[in-house]
Amino acid sequence: MRHKLSKMTMTSVLIALALALAIAENLVIPLLRIPIPGAKIGLSNVAVLVAIYFVGPWYAFVVMLVRVFVVFIFGGNTVALVFSLFGGVMAYLTMLILRNSKRFSLFGISAGGAFAHALGQITAAIIMTGSISVLFYLPILTGFSLAAGIVVAILAVPIFKALVKFENSSYSSEL
Amino acid sequence: MNRPRFSLFEKRHQRDGQPDANRASDERLAVLKIRTTDVILIVILFMVGFIMLPAVNSLANRHHRTTGKLEIVVVVSGNVVFRHVYDPSDEPVNFHWDENGHSMTIQVGPEGARVLSSDCRDQFCVHSRPISMPGQAIVCAPNQMIVKVIGSSDDGAADFVEVNGPSADVDAVAGQIGGYDAP
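Here the protein sequences come in this chain order: A and B. As numbered in the numbering used here, residues 1 to 175 make up the first sequence, in order. As numbered in the numbering used here, residues 1001 to 1183 make up the second sequence, in order.
Errors might be hidden in some of the hints.
Derived CB-CB ranges, DEER-like [what the hints assert, rightly or not]: (1) B:V1085 / A:F72: 23 to 33 Å; (2) B:R1083 / A:S12: 54 to 64 Å; (3) A:A162 / B:R1023: 16 to 26 Å; (4) A:A20 / B:R1083: 40 to 50 Å; (5) A:L65 / B:E1111: 46 to 56 Å; (6) B:T1036 / A:L155: 43 to 53 Å; (7) A:I29 / B:W1097: 23 to 33 Å; (8) B:E1099 / A:I23: 34 to 44 Å; (9) A:E25 / B:E1099: 28 to 38 Å; (10) B:D1098 / A:I159: 30 to 40 Å; (11) A:P158 / B:E1099: 48 to 58 Å; (12) B:I1040 / A:S12: 31 to 41 Å; (13) A:V70 / B:I1044: 29 to 39 Å.
Quick caveat, the hints were computed from the structure, so don't treat them as lab data. Ideal Cβ placement from N, Cα and C applies to all residues, glycine included.
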């Protein structure tokens, strides 16, 4: 019982982290003037990565799903919901597959997830507009997403280190 | 660091001094170091994106069923404001658009269509390369303007619908779709 409770607590903390990062990103991205429509760094993926490794795959899926829907509730953009749902699910599945292969580090997993996210968004755009013109964005969007994935991995490294330290400390023995 | 006793989220049986008690921690630390496979994966994915460009181009060209006659279309806020049959040997034609306090000048010349001037802050549209291939487009999101090359006048009507679709998601940025050229 304790065991599950600590997982649930950790999941809710990670959901809060994902939401805070998503909102912060939405505020900062327009200021950066990235000349690619729809380009995002996907900072909230840090929380999903942490959830996959420290809590469990299903909890990570919940983190991703709740993040998408809460951002939708506050943003209220149905088009954006479909986009981020497609991208989020694709990225999650890709990261899980890459993780379970045990051949890649955080950098490969994160970059692969970001790539899948871009692919998912383009798929959503094609379905929604019924046009393949969107495919022109693919090369630049995937190139950008790979860079963004590496940035996310770099940001996740100190969090991983801190959490492993916490796990092995005497504080965690009570959990 | 304290000697690891057990991992936070590990199964109970691993708790009591078993040799693999901190195996999960080890995996989490090992995963932080970049590997050769990561570099290979990233390079492959990067190349996949760019290899797909010619494929996408040919797909778009077939989609637009080029009949040899190209047409330059300017769409502002979903309305077609300018259509011009494009012929590289023709004299350059300028189109000036001025509405709601926004103004732009588009030139159709030997190299294709380009935005000569615009009053938007980004100026991405002005720095975009001229477009002359069917399916290519220059987007200026602040002015909600799209310059597009279409293959034949027949399926032009359908084109305007599709060109408006993605632009709904475009905000505050402008770029060139196809043959992207960073300013």
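The hints, checked one at a time:
Take V1085 of chain B and F72 of chain A: their Cβ atoms lie about 45 Å apart, and the range 23 to 33 Å is violated. Checked against the given bound of 54 to 64 Å, the beta carbons of R1083 of chain B and S12 of chain A, roughly 56 Å apart, stay inside it. Distance hint check for A162 of chain A and R1023 of chain B: the Cβ-Cβ separation is about 19 Å, which falls inside the suggested range of 16 to 26 Å. For A20 of chain A and R1083 of chain B, the Cβ-Cβ distance of about 49 Å falls inside the hinted range of 40 to 50 Å, so the restraint holds.
Checked against the given bound of 46 to 56 Å, the beta carbons of L65 of chain A and E1111 of chain B, roughly 48 Å apart, stay inside it. Checked against the hint of 43 to 53 Å, the pair T1036 of chain B and L155 of chain A fails, with Cβ atoms roughly 22 Å apart. Range check, I29 of chain A to W1097 of chain B: Cβ separation about 29 Å, and the 23 to 33 Å hint holds. Checked against the hint of 34 to 44 Å, the pair E1099 of chain B and I23 of chain A passes, with Cβ atoms roughly 36 Å apart.
Between E25 of chain A and E1099 of chain B the Cβ separation comes to about 34 Å, which falls inside the hinted range of 28 to 38 Å. Our hint of 30 to 40 Å for D1098 of chain B and I159 of chain A is violated, since their Cβ atoms are close to 53 Å apart. Distance hint check: the CB atoms of P158 of chain A and E1099 of chain B are about 51 Å apart, consistent with the given range 48 to 58 Å. Look at I1040 of chain B against S12 of chain A: about 37 Å separates their beta carbons, and that is inside 31 to 41 Å.
Between V70 of chain A and I1044 of chain B, the C-beta spacing of about 34 Å keeps the proposed range 29 to 39 Å intact.
Violated hints, listed in ascending order, are 1, 6 and 10; each of the other numbered hints is respected by the structure.
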